[in-house]
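Q: So you can see what is in the structure, the chains are spelled out below.
Number of protein chains: 2
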Amino acid sequence: MRNILLTIKYDGSGYHGWARQPGLKTVCGRMEEVLGAYFKIPVELSGASRTDAGVHAYGQRATLITELGVPVEKIPRVFNTALADDRLEGLSDIEVTAAAEMPEGFHARFDSKGKRYIYRIRNSSAPDIFLKRYRWQITTPLDIDSMRAACPFVVGEHDFACFQSAGSPAGSTVREIYSLDIKRREDDPDEIELTIEGSAFLYNMVRIITGTLVETGLGKRAPEDMERVIASKDRANAGIVAPAGGLWLDEVFY
Amino acid sequence: MRNILLTIKYDGSGYHGWARQPGLKTVCGRMEEVLGAYFKIPVELSGASRTDAGVHAYGQRATLITELGVPVEKIPRVFNTALADDRLEGLSDIEVTAAAEMPEGFHARFDSKGKRYIYRIRNSSAPDIFLKRYRWQITTPLDIDSMRAACPFVVGEHDFACFQSAGSPAGSTVREIYSLDIKRREDDPDEIELTIEGSAFLYNMVRIITGTLVETGLGKRAPEDMERVIASKDRANAGIVAPAGGLWLDEVFY
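In the order they appear, the protein sequences are chains Y and G.
Each residue of the first sequence is one higher than the one before, starting from 1 at the first, in our numbering.
Each residue of the second sequence is one higher than the one before, starting from 1 at the first, in our numbering.
By construction, these hints were calculated from the structure, which means they are not laboratory data.
Each residue gets a CB set at the ideal place from its N, CA and C atoms; glycine is no exception.
Where hints are given, some of them may not hold.
[Unchecked claim] Covered stretches of chain G (in silico footprint by chain Y; criterion: 3 or more residues with CB under 8 Å from a CB of chain Y, positions within the stretch not fixed): (1) 2–15; (2) 107–120; (3) 130–140.
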C-alpha cells in the first residue's frame, strides 16, 4: 500500500465543509466519491484540517492510503481530470496541486507541526456582492493600529477556552500561537489580511479571534482587552464569530 | 398604486435563475419573499430578463407595483437592508442599485428597447478554481482575430433559429442584434470580454453564440462559417452552449 500526501485547493462556497457527512456535499466526500468511481477502488482521505462550511483552502493536506498505480508526479493531473465536474470547463472547484509519496504511518493531521490561516476582510464603504463568499465586508473604517496592538496578547502558549465555540468536544484548550499579523494590502488598501500561525486550533478559534480583533478595530474594545479576554477563559467575553467565507486555510506545516 | 422600476445587481451562483419557480431558490422569488415579509405586504416583481441558473446581473430591471410609501430615493437603501441575509455582514448577494418612479402601465420587459450582455472568458493556461462561477475558463489560447472576424455575420436582423436551445417556446425566431464585439482586457490580457447588444434574445442565444465563437477561436470553425450557420436555421450547425457562470446581464435599455 502507498501513502500519498495531497495538497488541495478548494472553493468552499458550495460545500458543507471538508469532513465527510452523510447526505451533505462536502469536499472530502466529493473527492472520495469521484475518485472512487473514476479508479473503481474505494478511496479514503484523512485531512489535516476539518474546515467549516464555506471556508476555503489554498493548501489543505490529506493522506490517501491506496493501491493505485498512478506515478506520484502524475497524480495531480490525473486526479484533476477525474474531479472536473464539467466536461465543457474541464474545471472543478477542487484542485489537487501537489502529491508526495510518504512513509507508511504518516498522517496528514497527526503529523502536522502547525497551520497557517489567512482571514480576508474587505474594508470599503462600497461592498461588492460578488465577493460575499470570499471576504468579510466591513463598511466602517477599521483602525488597523488598534487591531495590531491587540495581536501580541494572542501569541504564545495559552489556554484559549475563550475562543472556542460552544458544543466543542471536551479536551485541553491549551494551544500555541506562533504568530499573528494584520496588514492592509499595499496594492489594494481596502483589503485587510490577518495571518495566523499556530500548533493547532480550537473549533472556530480563528473566526472568534478575528471577530474580537474587528471589534477592537471598530473601537468597541481597547487593544489591552484581549489580555483580559484570554485570561478569563470565558467565551462570553470574546467577540463574534467572523463569517466563514473570509477564512482561508493557507498552509499546513510538517 | 405606484409603479417602481428597480435596477438590480446579483450574483447568480446560488440561484436557479431569476424567474420564480415553486420550491427553488430564485432571485425574483427571494426578493418577493424577503421584501414581502419585511413590509408585510404582498410583493410582485416583473423582471426584464429571465436569466438562467448561475447567470449574473449588473443591471437587471424589474417593475414593482405597490402601495408602499417609502420615498423613491430611499428605496435602494431600505430594500438592501431588508435583503441583507446576514446581520453580521449586512450584505446579500442581491443588491438594488437604483429605483425610479414610472407611469402606470410601464413594464420592465415589454417596454424595453434592448439589452446588453457581457460574456466573460478567462483564457489562461492556469485556471483559477475561485473564478469557476464567474468565468468560462479556457486553457487553449483563443485566436481573437478569428472570433472578431465572425462577429459581423451576427449583427443585424436575422432569423436566429440556429441559436435557440431545443424546448424553447414556439414563436418568431427573428431578432435584431445591434452590436457584437470581442476584446482582451488591456489591464489583464487573460480576460476576454464579449459584448452583445440586441432588441431581444432567444433562449440560450448569447451562450450559443459564445460557444460558436469560441469554437472559431479554437480553429475548429472558419469565421465565415458563422454566415452559413445562421442561414441554415439549424441548431445542430451551431456550437456548444457556453457555461452559465460567464454570462452577465449588463444593461436593459428603454
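Q: Counting residues of the segment 107–120 of chain G that have a beta-carbon nearer than 8 Å to any beta-carbon of chain Y, does the count reach 3?
A: Check failed, 0 qualifying residues.
Q: State whether the coverage of the segment 130–140 of chain G by chain Y holds or is violated, taking the criterion as 3 or more residues with Cβ-Cβ distances under 8 Å.
A: holds (count 7)
Q: The segment 2–15 of chain G covered by chain Y? Criterion: 3 or more residues, Cβ-Cβ distance below 8 Å.
A: holds (count 4)
Of the hints listed earlier, the one the structure fails to meet is number 2.
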